[in-house]
Amino acid sequence: MEEEKMSKGVWIVAEQRDGSLRKVSFELASAARKLADELGDEVGAVLLGSGVEGLAPELGKYGVDKVYVADDAVFEPYTTDAYATAVAKVVKENDPAILLLASSVLGKDLSTRLVGKLATGMASDCVELKIEGGNLIAKRPMYAGKTFGEISVSGSPQMAQLRPNVFPADENAKAGEVVKFDAGVSAADIKAKVAEVQQDTSGKVDLTEAEIIVSGGRGMKGPENYNIIEELADVLGATVGASRAAVDAGWRPQSDQVGQTGKVVSPNLYIACGISGAIQHLAGMSSSKYIVAVNKDPDAPIFAKADYGVVDDLFKVVPELTVAAKKIM
Amino acid sequence: MNIVACVKQVPDTEALIKVKADGSGIEEGGIKWVMNPYDEFGVEEALKLKEKLGGDVTVVSVGPARTMETIRTALAMGAEKGIHIDDPTLYDADAYSTASALAAAIKEIPYDIIFCGQRAIDGDMGQVGSILADLLDLPQVTIVTKLDVEEGKATAVKPIEGAQLVIDTSLPCVITAQKGLNEPRYASLPGIMKAKKKPVDVKDAAALGISVEPKAKIDKMTPPPDRPPGKIIDGEDPAAKAAEVIRLLREEAKVI
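Chains as they are written, first to last, in this note's numbering: chain E, 764 to 1092; chain Y, 5 to 260.
These are computed hints drawn from the structure, not numbers from a lab. Even for Gly, the Cβ is constructed at its ideal location relative to N, Cα and C. A few of these clues could be false.
Unchecked claim - Here are the simulated lysine-lysine pairs, DSS-like style, with alpha carbons at most 27 Å apart:
(1) Y:LYS221 to E:LYS893
(2) E:LYS1089 to E:LYS984
(3) Y:LYS52 to E:LYS1059
(4) Y:LYS157 to E:LYS1068
(5) Y:LYS56 to Y:LYS85
To be verified - If you want the footprint, here are the derived chain Y segments under chain E, 3+ residues with CB under 8 Å:
(6) 50-57
(7) 77-86
(8) 165-174
(9) 206-215
(10) 242-251
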């Protein structure tokens, strides 16, 4: 009788852009290291790109034992077809027990396609991971954070997508040994091709990756008043967000919207100005580490979520926050 | 052009979600059910495409009997026909099972382009569109905010962190819709009347020739963790209160 093959190892797919590893890659590596230590397993990372082999030691620093590298021009820029084919191949050949990716825009695209290719299950947008009876249990918000679910995966590998900015990136040096593999992907395999990359020239960090967000809602009264939000954001090195009310009124672009039908964010600090705290907004930001609310209405639901609340006119308070922040920054 | 739009029925965004005492799911009593908002963008784009290039729109949904209302809503918006996949083994099923059921139903009809919402606002998994694309061996462009389709090809805009990708894909393909793609129309009264007479095929798993083997499951659901009560900064002077907030953020929270 053939011996049953045991899946082994905790793997991540590292995310790089323009030859630099993204911060979330270190969060993934560090989370994988903790799970692997508990299981007595190794951490593997898949790294795809062109001229990226030199990034392997950086992953080693955060706990990766082996870095599976396919270095080829076909991986620049990212395409679903090339990446999913390559990752599925190296995963099938090595049979890791657990596979983690980021809930970044590209991580969402790649991980979900891999669920199809590997015929397995995945918990999306996780905020907590643990091992129970040798299996991964992933905790994640559902109904945009109105409830949480604990998910177990019976397929193999057990996949989870980790929300950026939630898992700490702790250094824990391991070998980061490079293992090259043949991805077997050619340009002809790519059916959806990137024709153009339009860089956002604002230089602002994306809301989903921002450490500090200053958001304005209906209380801003009009698009012309966002300058006070932008000034505070500039001083704090923050990204500007908005509520659905402000976006639907046409005051701010849709890409600024935080909430159930916008972006789900987990910054270290979220400053809500003139936002009452509708359920669908709270759903998008209540996993922020610290929340400050400025609102005239003492009964606004946002105050129930706020660590620090100021009940006052935002047009008086926000400029003073800027003044006070300038003194210490 | 043969256009398919996949839709899911979900609780309204303003619905209060209560977990059942045993943690097995949510209390469904009193919930208002609506079409998933991201799927509405998919249906609208499907209808716009039909109006531009001709053809028809088939709407496909997996869910219990109440799901028929959401299919009728899409028909009232202007879709031609529906497929309702109703099988108890697929209620609250994982993404892989749901996508397998959709793939089995869609394989039986002609298709040039398939729309899904980028995620449903209940489970928030955001997986079905990509898995469906993989099972049908089609290219995908996910989380799309702009789409242009001509015969045989599509160009889609996909925002990523700090940039936008312009992606060219061959057809058929799967597109997952993001807010910003369009403004969904409301169903007109004549549309609602006509929708009642439009054909909807109801199929179970056996009719589709699939057996459901879940790959992931929800072990339990819990209410969100409570945040400790916060501090209201008292006082009359906005400047003094602002200074105190900044001090607390620096010295107590240590986040600036």
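Structure-based check of each hint:
1. This hinted pair checks out: LYS221 (chain Y) and LYS893 (chain E) have alpha carbons roughly 16 Å apart, not beyond 27 Å.
2. With a CA separation close to 25 Å, the supplied pair LYS1089 (chain E) and LYS984 (chain E) stays within the 27 Å bound.
3. Of the supplied pair hints, the one linking LYS52 (chain Y) and LYS1059 (chain E) is violated, its CA atoms being roughly 43 Å apart against a limit of 27 Å.
4. Proposed proximity of LYS157 (chain Y) and LYS1068 (chain E) is contradicted: the alpha carbons are some 47 Å apart, above 27 Å.
5. A distance of roughly 19 Å separates the Cα atoms of LYS56 (chain Y) and LYS85 (chain Y); the hinted pair therefore holds under the 27 Å criterion.
6. Residues of the region 50-57 of chain Y lying with their CB closer than 8 Å to a CB of chain E number 0, which falls below the three-residue condition for coverage.
7. Counting residues of the region 77-86 of chain Y whose CB falls under 8 Å from any CB of chain E gives 0; the rule of at least 3 is not met.
8. For a cut-off of 8 Å, the count of residues in the region 165-174 of chain Y with a CB near a CB of chain E stands at 10, and the three-residue condition holds.
9. For the region 206-215 of chain Y, the stated coverage by chain E is not satisfied: 0 residues place a CB nearer than 8 Å to a CB of that chain, which falls below the threshold of 3.
10. Three residues within the 8 Å Cβ limit are the bar, and the region 242-251 of chain Y against chain E gives 8, so the coverage statement holds.
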